[in-house]
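S.K.: Below, each chain spelled out in residue letters.
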Amino acid sequence: MKIEYYIEGGNFSTAGSASSEVKKTLKQFNISPLLLRKVAVALYEAEMNVVAHAYRGIMSVDIQPFCIWVVVEDEGPGIEDIGKAMEEGFSTATEEVRQMGFGAGMGLPNIKKNSDEMTLTSTPGVGTRLELSYFVKLNN
Amino acid sequence: MGTSLNKLKEELRYECLSGKEWLGTTADGAYVSDLLSDVMGKAQPGMLWITSQVHRNIVAVASLKELSAIIVINERKVDQEVLEQADSEGVVILASGKPAFETAGELYRYLIR
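Going down the list, the protein sequences come from chains A and B. All residue numbers for the first sequence refer to numbering that gives the first Met the number 0, where the first residue is 0 and numbers rise by one. All residue numbers for the second sequence refer to numbering that gives the first Met the number 0, where the first residue is 0 and numbers rise by one.
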C-alpha cells in the first residue's frame with residue numbers, strides 16, 4: 000500500500016498534518032507502538048524540514064508486510080553540505096523559524112536516530128531527497 | 000504509575016484550556032523545552048510538556064509524541080484555533096500561570112513525592 004502527501008513549503012499552519020495522517024494510517028496495521036513512534040518522529044521532522052526550507056514536497060509512504068519505505072522529496076534550495084547538516088546543532092533556519100522553536104539543528108539527527116536506514120541526497124538549487132526504511136520485525 | 004491529570008490540575012491549580020474529556024488520563028514525568036525537535040527527540044510518551052510555545056505546531060508534537068498534556072507557562076495566550084485543533088486531536092493543554100522555573104519546581108515536587 001502506497002500513500003502520498005503533498006507538503007506546502009512555508010505553511011506552518013498545516014505543518015505536521017502529513018505525518019499525523021501517516022501515523023493514523025499505520026495505526027490500522029499491526030505495528031508495534033515503538034516503531035509507530037519512531038516513524039512518527041522521523042516523518043514529522045522530515046515534514047518540518049520541507050516546510051521550513053523548501054518550496055514544496057511530496058512524502059510517499061510504502062507500507063509492505065515486513066518493511067516501511069518512506070521518500071520525502073522536495074523542490075527547494077537543497078543542502079550545500081550534507082555532512083554539516085547532519086551535525087547536531089547546525090541549522091540554516093531563519094530567525095522567524097527559530098522563534099517558533101524550530102531550527103535547533105536537531106531535525107536530521109532525530110531522523111537518523113528514528114529510522115533503520117537513512118539516505119539523504121541533495122542538489123543545491125534543485126532540491127533534496129530523503130529515503131528512510133523501517134524493518135517490521137515479527138513479534139516486536 | 001502516573002498521576003491523573005484531573006488530580007494534578009486541581010492540586011496545582013492549572014487551568015484546562017483544551018481536551019477536557021481527556022483529563023482522566025495519567026501523566027508520567029515531565030519535559031521542559033521550547034525547542035520542538037528537542038521534545039520530539041527526548042520526551043517520552045505519557046510525559047507532560049512544559050513550554051512557552053503556544054503556536055499550533057505544539058499540538059502536532061504532543062499528539063505525534065503521545066504526550067499526556069502541554070503545560071503553557073506564564074500568562075501565555077493560546078489562540079482559539081489552536082485550542083480547537085487540540086480539542087479535535089485529543090490534546091490536553093493546561094495553563095500554569097507561572098514561569099517555567101516555578102511550574103517545573105512545583106510539578107517536580109508533586110510528581111516525585
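None of these hints come from the bench; they were simulated from the model. Every residue, glycine too, gets a C-beta built ideally from N, C-alpha and C. Among the hints, a few may not be true.
As the list claims (entries may be wrong) - In silico DMTMM-like cross-links for lysine to aspartate or glutamate, where the CA-CA straight-line distance does not exceed 20 Å: (1) A:112 to B:37; (2) A:26 to B:65; (3) B:41 to A:86; (4) A:112 to A:95.
As the list claims (entries may be wrong) - FRET-style restraints, in silico, Cβ to Cβ: (5) B:12 to A:124: 53 to 63 Å; (6) B:88 to A:61: 21 to 31 Å; (7) B:100 to A:85: 26 to 36 Å; (8) A:97 to B:65: 40 to 50 Å; (9) A:97 to B:73: 18 to 28 Å; (10) A:74 to B:74: 10 to 20 Å; (11) B:98 to A:89: 26 to 36 Å; (12) B:3 to A:28: 26 to 36 Å; (13) B:14 to A:66: 42 to 52 Å; (14) B:104 to A:0: 47 to 57 Å; (15) B:98 to A:66: 40 to 50 Å; (16) B:20 to A:33: 35 to 45 Å; (17) A:112 to B:104: 22 to 32 Å; (18) A:97 to B:108: 38 to 48 Å.
What the hints assert, rightly or not - Facing chain B, from chain A, some residues (calculated, C-beta under 8 Å): (19) 5; (20) 8; (21) 12; (22) 14; (23) 15; (24) 18; (25) 19; (26) 20; (27) 36; (28) 40; (29) 103; (30) 105; (31) 106; (32) 109; (33) 111; (34) 112.
S.K.: Give me the numbers of the hints this structure contradicts, sorted from smallest to largest.
M.R.: 4, 8, 10, 16, 18, 19, 20, 26, 33
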